[in-house]
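From first to last, the protein sequence lines stand for chains A and B.
Numbering-wise (the working numbering), the first sequence opens with residue 349 and increments by one.
Numbering-wise (the working numbering), the second sequence opens with residue 76 and increments by one.
Calculated directly from the structure, the hints in this document are not laboratory data.
One or more of the hints may lead you astray.
Claimed, not checked - Pulled a few chain A residues facing chain B out of the computed Cβ check, cut under 10 Å:
| no. | residue |
| --- | --- |
| 1 | Thr394 |
| 2 | Thr401 |
| 3 | Ser428 |
Note that CB positions come from ideal geometry on N, CA and C, so glycine has one too.
Listed below are the residues making up each chain.
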Amino acid sequence: MICKEVHKKMNSYLSEKLNKATFNEFELHLKDCASCRQIISEVKNTMTLADRTEELSADPFMFTRIQAQIENRSTERNRSWQKVLQPIAVTMIMLVGLFAGVSLGSKYYNDSLQLNANEYVLESEDEEIYLNALAYESIETFLLTDN
Amino acid sequence: MTEQDIVSGIKSGDQKAFRFLVDKYQKMVLNTCFQFVKDEDDAKDLTQDVFIEVFDSIHKFRGDSKLMTWLYRIAVNKSLNFVQRNKRKRLFGNLESFFSSGNFNDESSDTYNADKPLDDTERSKYLYQAIESLSQNQRIAFSLHNLDGISYAQIADVMNVSVSSVESLIHRAKVNLQKRLLDFYKNNIE
Ligand SMILES: [Zn+2]
Numbered sequence: 349m350i351c352k353e354v355h356k357k358m359n360s361y362l363s364e365k366l367n368k369a370t371f372n373e374f375e376l377h378l379k380d381c382a383s384c385r386q387i388i389s390e391v392k393n394t395m396t397l398a399d400r401t402e403e404l405s406a407d408p409f410m411f412t413r414i415q416a417q418i419e420n421r422s423t424e425r426n427r428s429w430q431k432v433l434q435p436i437a438v439t440m441i442m443l444v445g446l447f448a449g450v451s452l453g454s455k456y457y458n459d460s461l462q463l464n465a466n467e468y469v470l471e472s473e474d475e476e477i478y479l480n481a482l483a484y485e486s487i488e489t490f491l492l493t494d495n
Numbered sequence: 076m077t078e079q080d081i082v083s084g085i086k087s088g089d090q091k092a093f094r095f096l097v098d099k100y101q102k103m104v105l106n107t108c109f110q111f112v113k114d115e116d117d118a119k120d121l122t123q124d125v126f127i128e129v130f131d132s133i134h135k136f137r138g139d140s141k142l143m144t145w146l147y148r149i150a151v152n153k154s155l156n157f158v159q160r161n162k163r164k165r166l167f168g169n170l171e172s173f174f175s176s177g178n179f180n181d182e183s184s185d186t187y188n189a190d191k192p193l194d195d196t197e198r199s200k201y202l203y204q205a206i207e208s209l210s211q212n213q214r215i216a217f218s219l220h221n222l223d224g225i226s227y228a229q230i231a232d233v234m235n236v237s238v239s240s241v242e243s244l245i246h247r248a249k250v251n252l253q254k255r256l257l258d259f260y261k262n263n264i265e
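Next up, chain B with everything else stripped away, as it sits in the complex:
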């Protein structure tokens, strides 16, 4: 089934075409969402939403971009919206630690024990918080470039920017992550 077949199939209500699309791209969509939300169940729910959106708005897809690019865009948008909503929820649920700023907004950061090294679960948590603090474009570029098998050219397509912009966004993201992590560990390791 070519991309064109899939699109025209779904447009004409062919269930087989829709199934083909889901089977072919679900892993890609799932892992894209996972890059942003870092929770498997949330990523699965979002993947479901992405394909439902595709089903609903396939008539808007005119083939100016590749189907895959379109899928990436929907996945990124949905994930960022989800993260935004969640952040707001966390903010209201966690006002106290929000005001005790200076380090990352996390209730467990004060339990940091300098005597024993961190494990990777904790490190990933701090890393994720640092990623969350990046500018949106740096975050998108950085998160997408971590995906298996995606090229800079593809990222550029998804973000609608040039390849060199993607390179510089990823570079700046890494520099900023390092700075944030340094600040965090300086504040929490004495």
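Only chain A is shown next, with the shape it has when bound in the complex:
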């Protein structure tokens, strides 16, 4: 048997499907041919590796790492929500402020219209007294302390 023929029969040989006569011829060739021998032995060696499983042992920090990643992720998610929500919130607050300003303004406007009709003068006198009272008071205390 020549190498080419042996190559063709290698798979059957490894699967133990050769008849007795061919098997013997095959093995005879292997005895004399280093390269065919090496091919067969490497396939066998590699296949036995497939049955040998390397086992990893548990990582004592696995739970801590998982927990950290979950927590990390949830704060990141909050932060990204913040990024989206912040401009919306600011806009909302401004709108609320604007609306409140307009409605309060218009309320005062209405109120003052009503006041205007009856007690406008009185109201402005009261205001003046109050403001002046503050001014007097501060002068008085100033004088007292200086004493």
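For chain A, the structure is supplied; the task is to place chain B with the ligand on it using the hints.
Relative to chain A, chain B with the ligand alone:
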């Protein structure tokens, strides 16, 4: 803690239940991922992802299958996705050796020295490349059956096929691996 306790515990936000699950199954998940990715650090990262996915989607678990089966499935899916992404990366990073086909897509395959026998690290690398070239179902069945203490019935559950399908997938995987390795060594040993 029974399986039911663990599941309902996690659903109600009980941290102890989640910790129990991680402690109980992490070795199994880790080694499942390792079967597919063959790198310890990658397998650890994937294990982390698997449990986070469990944490996020525990409300979807209705108990139709066993908790362990569900874990295996998540681990297999995540690992295969990872391998797929990696392969794409390797493809783009390694176009040259991709086109010089005929042997495995590996930059070190041309440094093969026929005079000295390979060591097991090299052999494992070729084996892994051969495993990568299997059909997806053959690969899953073959990789899972290498795990410690898993039965054919369990593999059948995980893959949602019959036990006899699992047997035939594993058999075909072995036949194909042998063929691929033969082709590879024939091409590289003169
Ligand atoms: Zn020969």
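Going through the hints against the structure:
1. Thr394: Holds. Min distance 5 Å.
2. Thr401: With a minimum Cβ separation of about 5 Å from chain B (threshold 10 Å), the hint on threonine 401 of chain A holds.
3. Ser428: violated (17 Å)
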